[in-house]
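Visitor: One letter stands for each residue in the lines below.
2 protein chains.
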Amino acid sequence: MQASQQFINSNKERFLQELFELLRIPSVSADPAYKGDVRRAAEWIVEKLRVAGADNVRLEETPGHPVVYGEKLIDSTLPTVLVYGHYDVQPADPVNLWETPPFEPTIRDEKIYARGSCDDKGQVYMHIKAFEAMNQSGELPCNVKFMIEGEEEIGSDNLEVFVKNNKERLQADVILVSDSAMIANDIPSIESGLRGLSYLEVKVQGPNKDLHSGVYGGAVANPVNILCQMIASLQDEFNRITIPGFYEDVEELSASDRAAMAQTPFDLEAYQKELDIAAVHGESGYTTLERASIRPTLDVNGIWGGYIGEGAKTVLPSVAHAKISMRLVPNQSSNKITELFTKHFLSIAPKGVKVMVTPHHGGEAYVMPTDHVAFQAASEAMEITFGKPAIPTRGGGSIPIVALFEKELGIKSVLMGFGLDSDDIHSPNEHFGLFNFYKGIETIPYFFQKFKQLHS
Amino acid sequence: MQASQQFINSNKERFLQELFELLRIPSVSADPAYKGDVRRAAEWIVEKLRVAGADNVRLEETPGHPVVYGEKLIDSTLPTVLVYGHYDVQPADPVNLWETPPFEPTIRDEKIYARGSCDDKGQVYMHIKAFEAMNQSGELPCNVKFMIEGEEEIGSDNLEVFVKNNKERLQADVILVSDSAMIANDIPSIESGLRGLSYLEVKVQGPNKDLHSGVYGGAVANPVNILCQMIASLQDEFNRITIPGFYEDVEELSASDRAAMAQTPFDLEAYQKELDIAAVHGESGYTTLERASIRPTLDVNGIWGGYIGEGAKTVLPSVAHAKISMRLVPNQSSNKITELFTKHFLSIAPKGVKVMVTPHHGGEAYVMPTDHVAFQAASEAMEITFGKPAIPTRGGGSIPIVALFEKELGIKSVLMGFGLDSDDIHSPNEHFGLFNFYKGIETIPYFFQKFKQLHS
Chain A
1 MQASQQFINS
11 NKERFLQELF
21 ELLRIPSVSA
31 DPAYKGDVRR
41 AAEWIVEKLR
51 VAGADNVRLE
61 ETPGHPVVYG
71 EKLIDSTLPT
81 VLVYGHYDVQ
91 PADPVNLWET
101 PPFEPTIRDE
111 KIYARGSCDD
121 KGQVYMHIKA
131 FEAMNQSGEL
141 PCNVKFMIEG
151 EEEIGSDNLE
161 VFVKNNKERL
171 QADVILVSDS
181 AMIANDIPSI
191 ESGLRGLSYL
201 EVKVQGPNKD
211 LHSGVYGGAV
221 ANPVNILCQM
231 IASLQDEFNR
241 ITIPGFYEDV
251 EELSASDRAA
261 MAQTPFDLEA
271 YQKELDIAAV
281 HGESGYTTLE
291 RASIRPTLDV
301 NGIWGGYIGE
311 GAKTVLPSVA
321 HAKISMRLVP
331 NQSSNKITEL
341 FTKHFLSIAP
351 KGVKVMVTPH
361 HGGEAYVMPT
371 DHVAFQAASE
381 AMEITFGKPA
391 IPTRGGGSIP
401 IVALFEKELG
411 IKSVLMGFGL
421 DSDDIHSPNE
431 HFGLFNFYKG
441 IETIPYFFQK
451 FKQLHS
Chain B
1 MQASQQFINS
11 NKERFLQELF
21 ELLRIPSVSA
31 DPAYKGDVRR
41 AAEWIVEKLR
51 VAGADNVRLE
61 ETPGHPVVYG
71 EKLIDSTLPT
81 VLVYGHYDVQ
91 PADPVNLWET
101 PPFEPTIRDE
111 KIYARGSCDD
121 KGQVYMHIKA
131 FEAMNQSGEL
141 PCNVKFMIEG
151 EEEIGSDNLE
161 VFVKNNKERL
171 QADVILVSDS
181 AMIANDIPSI
191 ESGLRGLSYL
201 EVKVQGPNKD
211 LHSGVYGGAV
221 ANPVNILCQM
231 IASLQDEFNR
241 ITIPGFYEDV
251 EELSASDRAA
261 MAQTPFDLEA
271 YQKELDIAAV
281 HGESGYTTLE
291 RASIRPTLDV
301 NGIWGGYIGE
311 GAKTVLPSVA
321 HAKISMRLVP
331 NQSSNKITEL
341 FTKHFLSIAP
351 KGVKVMVTPH
361 HGGEAYVMPT
371 DHVAFQAASE
381 AMEITFGKPA
391 IPTRGGGSIP
401 IVALFEKELG
411 IKSVLMGFGL
421 DSDDIHSPNE
431 HFGLFNFYKG
441 IETIPYFFQK
451 FKQLHS
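Those sequence lines, one after another, are chains A and B. The UniProt record's numbering puts the first residue of the first sequence at 1, with every later residue one more than the last. The UniProt record's numbering puts the first residue of the second sequence at 1, with every later residue one more than the last.
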């Protein structure tokens, strides 16, 4: 991979400037107001894939945001790698907390600050540039297919349909995904698992209009008080989730697996300092690493109701809302959990209110065996560029689509991510290290090389 | 009061058009954006008092919104009535739920729809017009003083200072207030008591920034979940407030008082139908009327935190907020309850979060003896215009300033209100019946007449 690495070395600045172009497009998939920008981002990816040398590059329409497809099939006897990623990003709210505008990429302390810099535009672009390097240097070891979607942040519903309708075209020996994090820049790691997700929105309707809290207070159910009581009751004093059947299918890790996990480098003090919290908080009987990866959770992602303006308004609100999501672990079914939540939440509503539950989106958890050839190839590739073997970890986040790939295409995904948990993805001031961006581009060609060797 | 009543009769349309002018001024005291409008409303009142014949009318500056003062002192041997009211209004949010614009008064089904139509511009204006009628007809039976403030909806803090600094000028034999409701248009009533208020804002700070709920969910305290748990814990399964010492000073009504209260006309079915609720909800062991008047309450008036935009965002929020108010009953001290709440709320915060409590405003409960001459005068005045005696009731709302009047000036207030609980004050589509507006103007002169007679 000499020539490829040289090509990368001599084009670093151009690669970065191109990424900046992509980061300037506010492709927020959750908000209809950005529909046009999401499409612009897709068209931009199409153009760059063509320039990099991909064939049959096209923008595949869906009922929602388009999927970008492209391929380079050099020899049918060689293994095929399907690269998956997404060009859509999370909303930038709260925008006022950004030090520099979310869609105006800025370099500070060797880091690229912008929404999507790490999740996932920066990591998607590593693949396009690594492909360009291998292709231009005549060192491409495998066939490549690209599938870059625009709805990962809102559940990948349309990609699911696209996958089901294109099983032939998407056939490959492995799916390569860079949409996750390593432990640290000097501690490379690869996620051997991901959590699933069930995301719902709830509405508690009290009286048919806002009321005066003096005239009606104490006599009429206050939907905000009730919503707080209902949410609070979903967890017990050990921070275990109280929804009947919730833990039924949870895969309990063996003592030896937990012991192995305990070996993962982790500095609790630094963790608390970084977040400015006096203590961690979670399910009794589990470590912080376990709570954030192998255990299911229930978090309120947003809540609103009543008067939230300046000053004081003595109102008894008519309605209260909350967005609630649960992270799931292997064996838990997203649909089943969504049903269990809905059934339970409706059942605990007092007579004085009406409750509505609306599922947003979900996805299944995923496990990648560490002895899989693709996992080994990724591990060896990182060992070359980082100078030390990658540690297998279990990720707390969700990439619902990888479980679907396995189900529909029968292909495993290797999660070779180059971000860091401290990159503030989904938060203000999201960033991605220049070190990480370039290290990713350098590592990917070695993955292709190792995968070709190990696969045969 | 012949001439006065004739004057009223022949000027009804003008009175209404003038009130419309006042209702068009968006004098929202809670929102700094309306500061100029609040002042315009004050200046408008000044002008109308002068035209009605009041002397020494002036706009008294305060650090906040101004107080309007005016007087007509005809004979130092006659009793003096101090009329109190407020020209500021509640915010109009949620504006989208108004059928017609909140600051464009509209008549529908014999009712004036506008923010402040009942609370309290409409009722304040009844007094100005009743005074004009008595004055122009040479039938004014007592000396009159007017004190109309612009901060009732935000706690009357500056009026409190004004009152303390003007005890001489404000001397009177009774304070007459129309800022409350009757049972029904055919069931006149007078409030013999009001609830106090303690209003606070709480902030629960978790991590120093929004986090990815997959990466950190389950391991870091979620401030929204925590806030819900803390709020839920403030009430037990009997809907009793759990703050230590909260009920210590609560005045328990005697069995006979409760029996008398039970005689008040009340239709539970109509009440639930009007609000479209399947059941009422409140403290065990008390009736709806009791829960809404003689028992203290705790209501969340507003809550917000995390992502509340369109779609789904898998964020673990950094902070959560709530506005919480407690209605208090006689003998409970607003300051003491505010302290008890703050102390308790801070004490129940888990280690993983930081909690801040900020008091907004408060006020003491108030009781008016039904055998007080002013209460008798009001009762007899209503009997003349409604054709039946007024029923004494206990109001659930708060007019913090009346307790202060008694403390600072040693003067009792009579709460002769002409609104209805169904007028949607503090809600979208606030309204005030034309019947009520005119009936108030007609009744007030008789109060002056009766008060003069009974006082001597």
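No lab work stands behind these hints, which were simulated from the structure alone. Treat the hints loosely; a few may be bogus.
Copies of the same chain look alike in the list, so a pair counts if it fits in one copy or across any two.
[Said to hold, decoys possible] With a Cα cut of at most 30 Å, we get these calculated DSBU-like pairs of lysine-lysine: (1) Lys167 to Lys439; (2) Lys439 to Lys209; (3) Lys35 to Lys209; (4) Lys354 to Lys164; (5) Lys351 to Lys167; (6) Lys412 to Lys209; (7) Lys167 to Lys203; (8) Lys203 to Lys388; (9) Lys452 to Lys273; (10) Lys273 to Lys354; (11) Lys203 to Lys354; (12) Lys164 to Lys203; (13) Lys203 to Lys412; (14) Lys35 to Lys343; (15) Lys452 to Lys336; (16) Lys203 to Lys407; (17) Lys336 to Lys167; (18) Lys209 to Lys273; (19) Lys336 to Lys164; (20) Lys12 to Lys351; (21) Lys343 to Lys273.
Visitor: Each hint needs a verdict: does it hold in this structure or not?
Guide: Consistency of the hints with the structure:
In the homo-oligomer, the alpha carbons of Lys167 and Lys439 never lie at most 30 Å apart, since the shortest distance is 32 Å inside one protomer and 78 Å across protomers. Only between protomers do Lys439 and Lys209 lie at most 30 Å apart by alpha-carbon distance; the minimum there is 27 Å, versus 57 Å within a single protomer. Taking identical chains as interchangeable, the C-alpha atoms of Lys35 and Lys209 lie at most 30 Å apart only when they sit on different chains, with a minimum of 28 Å there against 34 Å within one chain. When the C-alpha separation of Lys354 and Lys164 is checked against a cutoff of 30 Å, the pair qualifies neither within a copy, at 38 Å, nor between copies, at 48 Å.
For a Cα distance limit of 30 Å, the shortest separation of Lys351 from Lys167 qualifies neither inside one copy, at 49 Å, nor across copies, at 51 Å. In this assembly of identical chains, the alpha carbons of Lys412 and Lys209 never lie at most 30 Å apart, being 52 Å within a copy and 34 Å across copies at closest. Taking the closest pair of Cα atoms, Lys167 and Lys203 never come within 30 Å of each other, the shortest separation being 39 Å inside a single copy and 51 Å across copies. For the homomeric pair Lys203 and Lys388, neither the shortest alpha-carbon distance inside one copy (50 Å) nor that between copies (45 Å) is at most 30 Å.
Neither within a single protomer nor between protomers do Lys452 and Lys273 lie at most 30 Å apart by alpha-carbon distance, with minima of 43 Å and 72 Å respectively. With identical chains, the CA atoms of Lys273 and Lys354 are at most 30 Å apart between copies only, with a shortest distance of 14 Å across copies and 42 Å within one. Taking the shortest Cα distances, Lys203 and Lys354 sit within 30 Å of each other both inside one copy (8 Å) and across copies (28 Å). In the homo-oligomer, the alpha carbons of Lys164 and Lys203 never lie at most 30 Å apart, since the shortest distance is 33 Å inside one protomer and 47 Å across protomers.
Taking identical chains as interchangeable, the C-alpha atoms of Lys203 and Lys412 are never at most 30 Å apart, the minima being 38 Å within one chain and 45 Å between chains. Proximity of Lys35 and Lys343 under a CA criterion of 30 Å is satisfied in neither setting, with 34 Å inside one chain copy and 49 Å between copies. When the C-alpha separation of Lys452 and Lys336 is checked against a cutoff of 30 Å, the pair qualifies neither within a copy, at 39 Å, nor between copies, at 75 Å. Within a single copy, Lys203 and Lys407 get their C-alpha atoms no closer than 33 Å, and across copies no closer than 45 Å, so neither meets the 30 Å cut-off.
When the C-alpha separation of Lys336 and Lys167 is checked against a cutoff of 30 Å, the pair qualifies only within one copy, where the shortest distance is 26 Å, while the shortest distance between copies is 70 Å. Proximity of Lys209 and Lys273 under a CA criterion of 30 Å is satisfied inter-copy only: 12 Å between copies versus 45 Å inside one chain copy. For a Cα distance limit of 30 Å, the shortest separation of Lys336 from Lys164 inside one copy, 22 Å, qualifies, whereas the shortest one across copies, 65 Å, does not. With identical chains, the CA atoms of Lys12 and Lys351 are never at most 30 Å apart, being 64 Å at best within one copy and 46 Å at best between copies.
In this homomeric assembly, Lys343 and Lys273 come within 30 Å of each other (Cα to Cα) only across copies, at 27 Å, whereas the closest approach inside a single copy is 39 Å.
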